[in-house]
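Q: In case you want the letters, here they are:
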Amino acid sequence: MASSLHTLSIAEAGARLRAGTLTSTALTRASLERIGALDGGLDSFVLVTTERALADAAAADAELKAGIDKGPMHGIPYGLKDIYDTAAIRTTCHSKLRVDNVPQADSVVAARLKDGGGVLLGKLATHEFAIGGPSFDLPFPPARNPWNRDHIPGGSSSGSGAAVAAGFCRMAMGSDTGGSIRGPAAYCGVVGLKPTYGLVSRRGVFPLSYTLDHCGPLARTVEDCALTMQVITAHDPQDPASADVPVPEFTRGLDWGVHGVKIAVPRHFYAQAEGASPEIIAAIDTAAQTWAKLGATVEEITLPDYDLFNACGRIILNAEAYAIHEQDLQTRPLDYARMTHARLVMGGFLSSADLVQAFRLRRELADALNATLARFDAVITASSLSQAPRFSDYRDGYPVAWPVQTMPFNVTGHPAMSVPTGFSTEGLPLSLQIVGRPFDEPMVLRIGAALERALGLADRWPELAPDAAAKAAAS
Amino acid sequence: MPDDDLKQELDAAAQKAGLTIPPERHDAILVSYKDLKRMTALIRQPRAAAAEPSNVYSLVPRR
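In order, the protein sequences belong to chains A and B. Final position of the first sequence in our numbering is 475; the numbers increase by one with none missing. Final position of the second sequence in our numbering is 63; the numbers increase by one with none missing.
In short, the hints are calculated from the structure, not lab data. Backbone N, C-alpha and C fix where the C-beta goes; we use that ideal spot for every residue, glycine too.
Covered by chain A, per the in silico footprint, the following chain B stretches (three or more residues, Cβ under 8 Å):
| no. | region |
| --- | --- |
| 1 | 16 to 25 |
| 2 | 30 to 40 |
| 3 | 49 to 57 |
Please construct the entire structure, taking both the sequences and the accompanying hints into account.
A: Structure representation (structure tokens):
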């Protein structure tokens, strides 16, 4: 375990691959060795695709040697949340209901990463069907937080957050219906980007809620998120939500700073919320001051009450998810984990009027946010009101009071990115989220990159116990 | 609403939806149901009839 290759970003590793000072095979073997040595204590992977990874890596090495460059992910190992279909590779949704499911075709994102020369390391733990967790009554254990394995890594892209934070891969794909990219990013101290609704194809990703689902990356750095977006973004005529818009140059502006950028802060969203951690609030205040020192204009504003956004999103999610699972909930309820089942059945108790009222409110809330973003380049708020909770904070099967504040931007569809802001006194990551105008990911990334540079947190890594030691500590 | 009444309401709603709630999962689902009712009340606000939902769509072809 002497290798420090895991500390290389996508950009840094890519430069070495192209310079011929590093091979994808060496990079991939280092990842596989690190997973083998350390993931037993974290359970971030539900399947490691060793043969596929080494074959992908060998192909990338041959291509790069021949002068063929397929883009920023060429030769770079990555992971996929286990709701992304992968041809001939098991895709379980972390559920007993799909534990033997082997798709015939890749999801669009998996195909684009494959076509871009990426190296698939395996499939990552998720909350069951991207909704129920943390649960221990499933075919696979829940992923744990690399900064402290007694704490959750967030969800539902739990394995994605944990794997990136642990240095198993530089990037992992997640999905975000109410915060499932940004929550794990926040709790694991990595960057997580929920793109604008419709920017990245959802085809081949098991749906949770059709009008709230987003696919996006979790990565060590803002730049690595931008590089990934360049590979996975494309109009998909077969995804009904896919936006036919020009693909921006996502890395453009990362080094421009924030001079003249206008940032709005709805402080009431998080500072007045029950259970808000003073450390989270202080870290956001510090970030706002940092941007101001760098030349941005930062102004406090008000938005509609957070509870309205949350209720609107929860009702839509419940209704749409229930429609997907209705038959299985009626015929085989005990095959779902207790927590998944408790959440999914809620949609069966809603009326048609409930859903239409939620859709009417959704328009009003999107209009309110768009009015704010007509005057500002971005909105800053908390990703979560607290550091990662402990597993012991959850009572199996009972509703989870997630302290994340991410649902508003699933409701409105705006791009939102969680970035680290520091660490709590307990040594767990703190974060905030940056929300931009629709399809203005470059501005969100630019603001995040400026903060990342100023805070200099990307070089801090969790201390991981080897597999045997972690298991001994747990027993 | 008293919990017994809420429980009866949940049981009726489950029956209407064709759902069987296993007894050992009932208490947890009742807690979620109470929260669901809070949210459905919260989203009902004064609105004009012309306030259309977000998913009204256009038949103009995309480029």
